[in-house]
Amino acid sequence: MNDKRPVNLDLSTIKFPVTAIASITHRITGVAIFVALPILLWMLDRSVASPESFADLKQLLDSPLAKLVVWAILTPILYHLVAGIRHLFMDAGIGETLEGGRRGAKSVFIITAVLVVLTGAWIW
Amino acid sequence: MVTRVTSVTSLGRNGLYDWLIQRVSAVVIGVYFIGMLGYLIAQPNLDYGTWKAFIGSVPMQIATTLLVLSVAAHTWVGLWGVTTDYLTGMTLGKSATCVRLVVQMVIALLLMVYVLWGLVTIWGGA
Numbered sequence: 001m002n003d004k005r006p007v008n009l010d011l012s013t014i015k016f017p018v019t020a021i022a023s024i025t026h027r028i029t030g031v032a033i034f035v036a037l038p039i040l041l042w043m044l045d046r047s048v049a050s051p052e053s054f055a056d057l058k059q060l061l062d063s064p065l066a067k068l069v070v071w072a073i074l075t076p077i078l079y080h081l082v083a084g085i086r087h088l089f090m091d092a093g094i095g096e097t098l099e100g101g102r103r104g105a106k107s108v109f110i111i112t113a114v115l116v117v118l119t120g121a122w123i124w
Numbered sequence: 125m126v127t128r129v130t131s132v133t134s135l136g137r138n139g140l141y142d143w144l145i146q147r148v149s150a151v152v153i154g155v156y157f158i159g160m161l162g163y164l165i166a167q168p169n170l171d172y173g174t175w176k177a178f179i180g181s182v183p184m185q186i187a188t189t190l191l192v193l194s195v196a197a198h199t200w201v202g203l204w205g206v207t208t209d210y211l212t213g214m215t216l217g218k219s220a221t222c223v224r225l226v227v228q229m230v231i232a233l234l235l236m237v238y239v240l241w242g243l244v245t246i247w248g249g250a
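Protein sequences, first through last, are from chains P and E. So for the first sequence, the working numbering puts the first residue at 1; every next one is plus one. So for the second sequence, the working numbering puts the first residue at 125; every next one is plus one.
None of these hints come from the bench; they were simulated from the model. Here the structure is a predicted model, which means the values were calculated and not measured. Note that beta-carbon positions come from the ideal geometry of N, C-alpha and C, so glycine has one too. Careful, some of the hints might be misleading.
Unchecked claim - Reference excerpt, derived from the structure (chain P facing chain E, CB under 7 angstroms, subset only):
hint : residue
1    : Ala32
2    : Phe34
3    : Leu37
4    : Ile39
5    : Leu41
6    : Pro51
7    : Phe54
Stated by the list, open to error - Capping the alpha-carbon separation at 25 angstroms, the derived lysine-lysine pairs in PhoX-like fashion look like this:
hint : chain 1 : residue 1 : chain 2 : residue 2
8    : E       : Lys176    : P       : Lys58
9    : P       : Lys106    : P       : Lys15
10   : E       : Lys176    : P       : Lys67
11   : P       : Lys4      : E       : Lys218
12   : P       : Lys4      : P       : Lys15
Go ahead and model the full structure; you've got the sequences and the hints to work with.
Next up, the structure:
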């Protein structure tokens, strides 16, 4: 095989526009949520197993570190949700132009930032 | 002639079904997440009895089962896309196919464990 043939998508040589950053962030947050799944399942399990495990979980969630962890898990979920809703809009043909794509990507970042701050206020 | 490009490791066996599975599961997850967040915000001093009665009701047991299955399907389609995009010959060289299949198998196994764990939790396990 000719090793000098051109490569289409060498990501390391591409300067990323905001739409690409929104897209890659969607993927990164997706992977992050996958990593967080056992923690969420464990919390669901502890919350229903018994009154004692529920009380233990509730006490744990009062600690500053646990609150930080919950916030750190909710942040990628919120981004993924907002970016996912944008995907559904684009499936419906809304925001598919280049300028619409840029606006949509910026909106996703701004809306997520607001939601993350509000979520932080709710947790603390 | 139309040649369909399929992969044995994709979920719907072709891109259109994967796309549909991704969208339908996304809506289930999104509706559940927003609803659950709303419930938890509305119940700042949630006690065990109230929570257990809510999450243990049959409609919520069914909704949470749909959530768990949707998360598994959604995650599989998403991570299949991520692994096939980044674990390639360009990034890993000759061992790429082997590495990618091992990673995908680990992901599939983990998702199966999560589904079983979730179902046991939802339907009355300890």
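Hint by hint, here is what the structure shows:
1. Ala32: Violated: closest Cβ of chain E sits about 12 angstroms from Ala32 (chain P), beyond 7 angstroms.
2. Phe34: OK, holds: Phe34 (chain P) within 7 angstroms of chain E, min 5 angstroms.
3. Leu37: holds (6 angstroms)
4. Ile39: Check failed: Cβ of Ile39 (chain P) comes no nearer than 11 angstroms to chain E, outside 7 angstroms.
5. Leu41: holds (5 angstroms)
6. Pro51: Hint holds; Pro51 (chain P) Cβ to chain E Cβ min 5 angstroms, cut 7 angstroms.
7. Phe54: holds (4 angstroms)
8. E:Lys176 / P:Lys58: Cα-Cα ~14 angstroms, so holds.
9. P:Lys106 / P:Lys15: holds (17 angstroms)
10. E:Lys176 / P:Lys67: Given pair Lys176 (chain E), Lys67 (chain P) holds - Cα atoms ~22 angstroms apart, limit 25 angstroms.
11. P:Lys4 / E:Lys218: holds (17 angstroms)
12. P:Lys4 / P:Lys15: holds (22 angstroms)
Going through the hint list in order, the structure does not satisfy hints 1 and 4.
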